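Participant: Okay, here's what each chain looks like letter by letter:
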Amino acid sequence: MGMTITEKILAAHSGRDAVRPGELIDARLDVIMCHDVTTPPAISMLAAKGLDRVFDAEKIVVTPDHFQPAKDIASAELHKRLDRWCKKHRIKHYYPLGRSGVCHALLPEQGHIRPGELIIGGDSHTCTYGAFGAFSTGVGSTDLAAGIAIGRLWFKVPESMKFVLKGKLPHGVYSKDVILEIIRRIGTDGARYRAMEFVGDTLADMSMEARMTITNMAIEAGGKNGIMPVDDITRDYLDARLKNKSGYTEYESDADAEYIQVDEVDCLALAPMVAMPHLPSNGRPIDQVAGLAMDQAYIGSCTNGRIEDLRIAAKILHGRKVTIRTIIVPATPAIWKQAADEKLFDVFYDAGCVISAPTCGACLGGFMGILAEDEKCVSTTNRNFVGRMGHPASEVYLASPATAAASSVEGKLADPRKYL
Amino acid sequence: MTKAHVYPRDHINTDEIIPARYLNTDDQAELASHCLEDLDANFVRKVAPGDLIVAGEDFGCGSSREHAVWAIRGAKVAAVIADSFARIFYRNAINCGFLVVELAKAAEKISDGDELELDAAGGTLRNRTRGETHAFTPLPDFALKIIEAGGLLNTLGNQ
Numbered sequence: 005m006g007m008t009i010t011e012k013i014l015a016a017h018s019g020r021d022a023v024r025p026g027e028l029i030d031a032r033l034d035v036i037m038c039h040d041v042t043t044p045p046a047i048s049m050l051a052a053k054g055l056d057r058v059f060d061a062e063k064i065v066v067t068p069d070h071f072q073p074a075k076d077i078a079s080a081e082l083h084k085r086l087d088r089w090c091k092k093h094r095i096k097h098y099y100p101l102g103r104s105g106v107c108h109a110l111l112p113e114q115g116h117i118r119p120g121e122l123i124i125g126g127d128s129h130t131c132t133y134g135a136f137g138a139f140s141t142g143v144g145s146t147d148l149a150a151g152i153a154i155g156r157l158w159f160k161v162p163e164s165m166k167f168v169l170k171g172k173l174p175h176g177v178y179s180k181d182v183i184l185e186i187i188r189r190i191g192t193d194g195a196r197y198r199a200m201e202f203v204g205d206t207l208a209d210m211s212m213e214a215r216m217t218i219t220n221m222a223i224e225a226g227g228k229n230g231i232m233p234v235d236d237i238t239r240d241y242l243d244a245r246l247k248n249k250s251g252y253t254e255y256e257s258d259a260d261a262e263y264i265q266v267d268e269v270d271c272l273a274l275a276p277m278v279a280m281p282h283l284p285s286n287g288r289p290i291d292q293v294a295g296l297a298m299d300q301a302y303i304g305s306c307t308n309g310r311i312e313d314l315r316i317a318a319k320i321l322h323g324r325k326v327t328i329r330t331i332i333v334p335a336t337p338a339i340w341k342q343a344a345d346e347k348l349f350d351v352f353y354d355a356g357c358v359i360s361a362p363t364c365g366a367c368l369g370g371f372m373g374i375l376a377e378d379e380k381c382v383s384t385t386n387r388n389f390v391g392r393m394g395h396p397a398s399e400v401y402l403a404s405p406a407t408a409a410a411s412s413v414e415g416k417l418a419d420p421r422k423y424l
Numbered sequence: 002m003t004k005a006h007v008y009p010r011d012h013i014n015t016d017e018i019i020p021a022r023y024l025n026t027d028d029q030a031e032l033a034s035h036c037l038e039d040l041d042a043n044f045v046r047k048v049a050p051g052d053l054i055v056a057g058e059d060f061g062c063g064s065s066r067e068h069a070v071w072a073i074r075g076a077k078v079a080a081v082i083a084d085s086f087a088r089i090f091y092r093n094a095i096n097c098g099f100l101v102v103e104l105a106k107a108a109e110k111i112s113d114g115d116e117l118e119l120d121a122a123g124g125t126l127r128n129r130t131r132g133e134t135h136a137f138t139p140l141p142d143f144a145l146k147i148i149e150a151g152g153l154l155n156t157l158g159n160q
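Respectively, the protein sequence lines represent chains A and B.
This note's numbering numbers the first residue of the first sequence as 5 and each following residue consecutively.
This note's numbering numbers the first residue of the second sequence as 2 and each following residue consecutively.
Careful, some of the hints might be misleading.
[As the list claims (entries may be wrong)] Pairs of lysine-lysine residues, derived as DSS-like cross-links and limited to a Cα-Cα distance of at most 30 Å, are as follows:
#1 A/160 with B/47
#2 A/91 with A/247
#3 B/106 with A/160
#4 A/422 with A/347
#5 B/4 with B/146
#6 A/53 with B/4
#7 A/380 with A/416
#8 A/75 with A/347
#9 A/53 with B/106
#10 A/92 with A/75
#11 A/247 with A/325
#12 B/47 with B/110
Keep in mind the hints are simulated off the structure, nothing from the lab.
Only a predicted model underlies this, so the values are computations on that prediction, with no experimental measurement involved.
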């Protein structure tokens with residue numbers, strides 16, 4: 005019986021020749037991602053249990069990002085606890101303010117993500133790293149604490165679903181639209197407890213940035229992990245960035261691997277999508293919802309705050325003015341610098357946008373763009389739950405950077421294709 | 002007296018259980034004071050120690066924030082009963098030693114304010130108000146052991 009990529013990675017990390025869905029395994033961890041919301045409690049739990057130790061100071065990557073720069077005294081205290089712990093344990097890959105960025109943009113960019121590895125992070129969007137052919141999943145603070153202390157964790161081997169992406173994406177349609185369409189089809193729990201494997205010829209035209217937008221949102225369908233095979237685009241990205249250049253393992257799913265479900269997505273037929281409040285599965289093609297008035301546009305986050313996303317937004321905003329509050333949040337310092345070098349900030353300034361420091365910020369309702377009662381925001385982020393970006397009676401509309409930029413110009417949900 | 006607080010809805014998510022505006026602390030009492038705030042602003046005034054929350058499918062979807070479990074536990078809720086749970090919330094609950102029970106069509110079997118009696122290991126839920134008893138599949142042994150130990154970290158001692 006064949007195995008999927010996910011099963012092969014889990015088998016290799018639990019010292020087995022094979023694993024089957026449903027089996028409980030104890031697996032070795034390669035990388036642990038830590039940030040400022042879920043890691044300070046994990047540190048405190050370990051200290052309280054007399055387990056104040058780290059299994060390997062080189063395999064833990066720390067980037068305070070959610071409330072960075074500190075938004076208030078309480079979050080400053082979280083940062084202080086994290087900073088002291090990093091210094092005490094000599095965490096090698098610690099990215100303090102000035103180098104810190106939105107975790108799921110930062111770790112791949114800084115070369116911490118390698119194919120075939122097993123990664124956990126104290127954040128639900130840790131599934132992003134599966135774009136590199138790694139098994140990567142989000143955990144809470146207790147799992148994180150256990151991983152930090154002993155470098156191992158229990159897992160239940162997930163069943164796999166396969167999504168075959170076919171055809172070239174039409175003009176003005178992006179990977180964000182693909183994943184919003186998939187979530188619309190299967191629902192926010194359509195992949196609950198499962199691995200979501202993405203394959204198909206559409207991927208060959210997608211950069212790693214675009215691919216990460218897809219795996220990032222696997223959790224919005226309830227997925228345990230999202231995963232993609234490795235190809236030359238992956239290898240080229242890694243060659244330029246990897247911290248550890250020693251060989252990594254590229255796993256491929258066997259031809260006779262078992263999938264609980266196989267879905268095809270005809271990408272050629274897709275239109276720009278908007279996920280309406282209050283679920284990521286409420287996707288609609290733009291022509292059904294265009295014209296709905298917005299109060300704010302937000303372009304950033306671990307889903308769509310990378311350089312490619314900012315370039316797409318700048319292309320639409322070039323020579324135009326925004327008519328609603330528009331917030332641009334480059335996800336990492338390197339993206340910020342790149343955008344400055346490419347003069348994208350001039351475009352954003354001229355259009356009337358504000359440019360933020362790298363932060364998760366308003367995506368999760370932290371700060372830097374919180375919504376008032378009854379306000380509506382078109383956002384390139386990943387969740388539009390009740391109260392996600394502010395007041396419980398505010399609304400979030402999820403879309404691609406192109407759709408968000410076009411909407412910021414018109415002040416209402418707008419089709420980006422007429423601007424491209 | 003164990004009372005049910007029924008929210009007959011699917012996808013009750015971590016943003017509703019504990020909004021991110023309160024994630025700048027991990028103090029359980031502080032989190033508990035905002036438990037379910039964006040779903041039912043009166044919840045913390047209604048709930049009594051030992052009460053149960055009852056909901057539909059996919060309870061706890063969204064963020065990995067364990068703060069969601071801490072807020073509910075901090076509000077002295079004894080367990081959450083739902084048709085199903087989102088993966089990370091379910092795992093976090095077990096890891097914290099907090100009881101979660103999967104019961105199909107839970108919100109049809111239980112009305113708001115019903116008096117309940119839960120036998121977690123035995124896998125039965127008695128609705129005293131309606132005089133009905135419902136069976137559910139108890140958590141697997143390894144999960145019950147983690148809960149009995151008071152959480153995952155209490156099982157790591159010798160590793």
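Participant: If a hint holds in the structure, say so; if it does not, say that too.
Facilitator: Checked hints:
Pair hint residue 160 of chain A plus residue 47 of chain B does not hold up; C-alpha atoms about 37 Å apart against a cutoff of 30 Å. This hinted pair checks out: residue 91 of chain A and residue 247 of chain A have alpha carbons roughly 21 Å apart, not beyond 30 Å. Proposed proximity of residue 106 of chain B and residue 160 of chain A is supported: the alpha carbons are some 25 Å apart, at most 30 Å. Taking the CA atoms of residue 422 of chain A and residue 347 of chain A, the gap is about 23 Å. The hint holds against a cut of 30 Å.
The straight-line distance between the Cα atoms of residue 4 of chain B and residue 146 of chain B is roughly 26 Å, inside the 30 Å bound, and the hint therefore holds. Our distance criterion of 30 Å between C-alpha atoms is broken by residue 53 of chain A and residue 4 of chain B, whose separation comes to about 33 Å. Our distance criterion of 30 Å between C-alpha atoms is met by residue 380 of chain A and residue 416 of chain A, whose separation comes to about 10 Å. The suggested pairing of residue 75 of chain A with residue 347 of chain A holds, with an alpha-carbon distance near 28 Å, which does not exceed 30 Å.
A hinted pair counts as satisfied when its Cα atoms are at most 30 Å apart, and residue 53 of chain A with residue 106 of chain B does not qualify at roughly 39 Å. Taking the CA atoms of residue 92 of chain A and residue 75 of chain A, the gap is near 25 Å; set against the 30 Å cutoff, the hint holds. For the hint pairing residue 247 of chain A with residue 325 of chain A, the CA-to-CA distance comes to about 41 Å; that exceeds 30 Å, so the pair is violated. At roughly 21 Å between alpha-carbon atoms, residue 47 of chain B and residue 110 of chain B fall within 30 Å of each other, so this suggested pair holds.
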